[in-house]
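Number of protein chains: 4
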Amino acid sequence: MRNAVIPKDPAYEARVRESFSRQSHMATLGVAIAFIAPGEVHLTLPFGAQFCQQNGFMHAGAIASVADSANGYAAYTLAAPDTDVLAVEFKINFLAPARGPGFLARGRVLRPGRTLTVCQADVFTTGAAAQTLVATMLSTIIVRPRER
Amino acid sequence: MRNAVIPKDPAYEARVRESFSRQSHMATLGVAIAFIAPGEVHLTLPFGAQFCQQNGFMHAGAIASVADSANGYAAYTLAAPDTDVLAVEFKINFLAPARGPGFLARGRVLRPGRTLTVCQADVFTTGAAAQTLVATMLSTIIVRPRER
Amino acid sequence: MRNAVIPKDPAYEARVRESFSRQSHMATLGVAIAFIAPGEVHLTLPFGAQFCQQNGFMHAGAIASVADSANGYAAYTLAAPDTDVLAVEFKINFLAPARGPGFLARGRVLRPGRTLTVCQADVFTTGAAAQTLVATMLSTIIVRPRER
Amino acid sequence: MRNAVIPKDPAYEARVRESFSRQSHMATLGVAIAFIAPGEVHLTLPFGAQFCQQNGFMHAGAIASVADSANGYAAYTLAAPDTDVLAVEFKINFLAPARGPGFLARGRVLRPGRTLTVCQADVFTTGAAAQTLVATMLSTIIVRPRER
Chain A
4 MRNAVIPKDP AYEARVRESF SRQSHMATLG VAIAFIAPGE VHLTLPFGAQ FCQQNGFMHA
64 GAIASVADSA NGYAAYTLAA PDTDVLAVEF KINFLAPARG PGFLARGRVL RPGRTLTVCQ
124 ADVFTTGAAA QTLVATMLST IIVRPRER
Chain B
4 MRNAVIPKDP AYEARVRESF SRQSHMATLG VAIAFIAPGE VHLTLPFGAQ FCQQNGFMHA
64 GAIASVADSA NGYAAYTLAA PDTDVLAVEF KINFLAPARG PGFLARGRVL RPGRTLTVCQ
124 ADVFTTGAAA QTLVATMLST IIVRPRER
Chain C
4 MRNAVIPKDP AYEARVRESF SRQSHMATLG VAIAFIAPGE VHLTLPFGAQ FCQQNGFMHA
64 GAIASVADSA NGYAAYTLAA PDTDVLAVEF KINFLAPARG PGFLARGRVL RPGRTLTVCQ
124 ADVFTTGAAA QTLVATMLST IIVRPRER
Chain D
4 MRNAVIPKDP AYEARVRESF SRQSHMATLG VAIAFIAPGE VHLTLPFGAQ FCQQNGFMHA
64 GAIASVADSA NGYAAYTLAA PDTDVLAVEF KINFLAPARG PGFLARGRVL RPGRTLTVCQ
124 ADVFTTGAAA QTLVATMLST IIVRPRER
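Residue numbers (this note's numbering), protein chains in the order written: chain A, 4 to 151; chain B, 4 to 151; chain C, 4 to 151; chain D, 4 to 151.
For reference, chain A alone in the conformation it holds in the complex (with noise of 0.2 Å):
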């Protein structure tokens, strides 16, 4: 479904994890950068009782969190030096309750662009014999000159 991709910017990695050392919502809610490859990144959230629900599941929003951040990484991966990525909009399906000792979410670019790219993150749990996928998010992402 996706072409094989080349980076435009080869120092996309060390890019990748400088932003994302910024992002000090990732930094409270403990997520981590599991891999980064070209139009893909993985980030590791772990369970925290101070993000959840009422139930006792991690919250929607912790959830939509980290994927959306995963889908803005994996896009960051393939844009030009100097640009900046943001989120035009996003959609997610809550597909189990988000319980368990952590989650992986996987972002991954569908369609690059000059302008927009489209990513997919799913959201597994991890940590268990058996990983349930606990939501899928579809992206919009804006690709910018970075401002100064």
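Do not rely on the hints blindly, as some may be mistaken.
Some chain D residues close to chain B (C-beta under 7 Å, calculated; not the full set) [stated by the list, open to error]: (1) 92; (2) 143; (3) 147.
Here chain B is said to cover these stretches of chain C; the calculated rule only asks that three of the stretch's residues, wherever they fall, bring their Cβ under 8 Å from a Cβ of chain B [unchecked claim]: (4) 91 to 104; (5) 113 to 122; (6) 136 to 146.
The hints are simulated quantities; they were obtained by calculation from the structure and are not laboratory data.
By construction, the Cβ of each residue, glycine as well, lies at the ideal position given by its N, Cα and C atoms.
Fit chains B, C and D to the known structure of chain A by using the hints.
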């Protein structure tokens, strides 16, 4: 666009407050209830430097979190006693950078249903002369018998 | 929620009508323009037995078609001369069965932009005493220089 | 990502064909069934000059129509006897202009449920050397007892 709505549970307000108090994610984000009426719930979110993206604006996931809860509780005001609400899915468009001292998420029911309720939340900046529409979210919410 | 909008092209109405006349899908569905104003376009769709789903209601795709064009042309009223508009994506919730003699899709701009415009369309039944909200669509539309 | 799925109704294929034959919108668009399996349905859409947008590409609503039916029938393959399926909502991203001699919509179940089923459809061009992903749709579908 909306018919007059009569809550099935006269104690809808107490029920919303009780459930909200169990959402640790809302407490972590500093979210407070500003308004509760049948079919409508408003929540306030202060700016939090620990919930930001790479440019120092509130992270899309933080904005989505408060919009999701505003919509969920708007649906919950119209739900029968002994039910719970869960987000099936949502879609959010980001219309302006989430900067400023604070935000107001206004969730309202577009179409109440026995099983599924559709809500929309608008998130505005607060505390400035001109309020800016930062995001709008369309949510599908399922009403289910409460798990014991 | 919307600022006063001033069209960049005083001939916006003629331009919408000209583009609409080239959408063969609208002619096939029997769609007509009911209203054009800066940032807002209304389209009418008659019931058509050849555009139905398995229960004899209008197919979700027929309702989506008219809502998509209403949003696209609402965006187009605010676009600069020599540009074209294309749907990047949309999300639609179906709120009631699409039955009745006809439908009105009211598309309006939520946030105009140089590159991206966000619109919402509400689709109502027409011709009955009580009008029913059948669907609501949130669209992201890109404005581009016209291809020659 | 998907568990092995066992249809609740061994006559699922006949049931899909019977319901599809009642969707007049599919006949009007010239859509045909290409493949039926538990949790997956593929539909073909020929290019139709009477279903186009202003530049002569297939209208977004025509592409959405075939994707919506592919997802609905993918869900229907797993539904119990004497039920019907209805689209609650969908979101579709348009990834490339819908030009070419024809299109294939591949709908598949991401998560089956007793009440709600989540599906994704990818729409490709056909008849050319390189197939292009034209659109992807994420749908929420409700399974209900059939109305008599």
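Each hint tested on the structure:
1. 92: holds (6 Å)
2. 143: Nearest chain B Cβ about 6 Å off; hint holds.
3. 147: violated (9 Å)
4. 91 to 104: Contact hint for the segment 91 to 104 of chain C vs chain B: holds, 4 residues under 8 Å.
5. 113 to 122: Held - the segment 113 to 122 of chain C has 3 residues with a Cβ nearer than 8 Å to chain B, which meets the minimum of three.
6. 136 to 146: Check passed, 4 qualifying residues.
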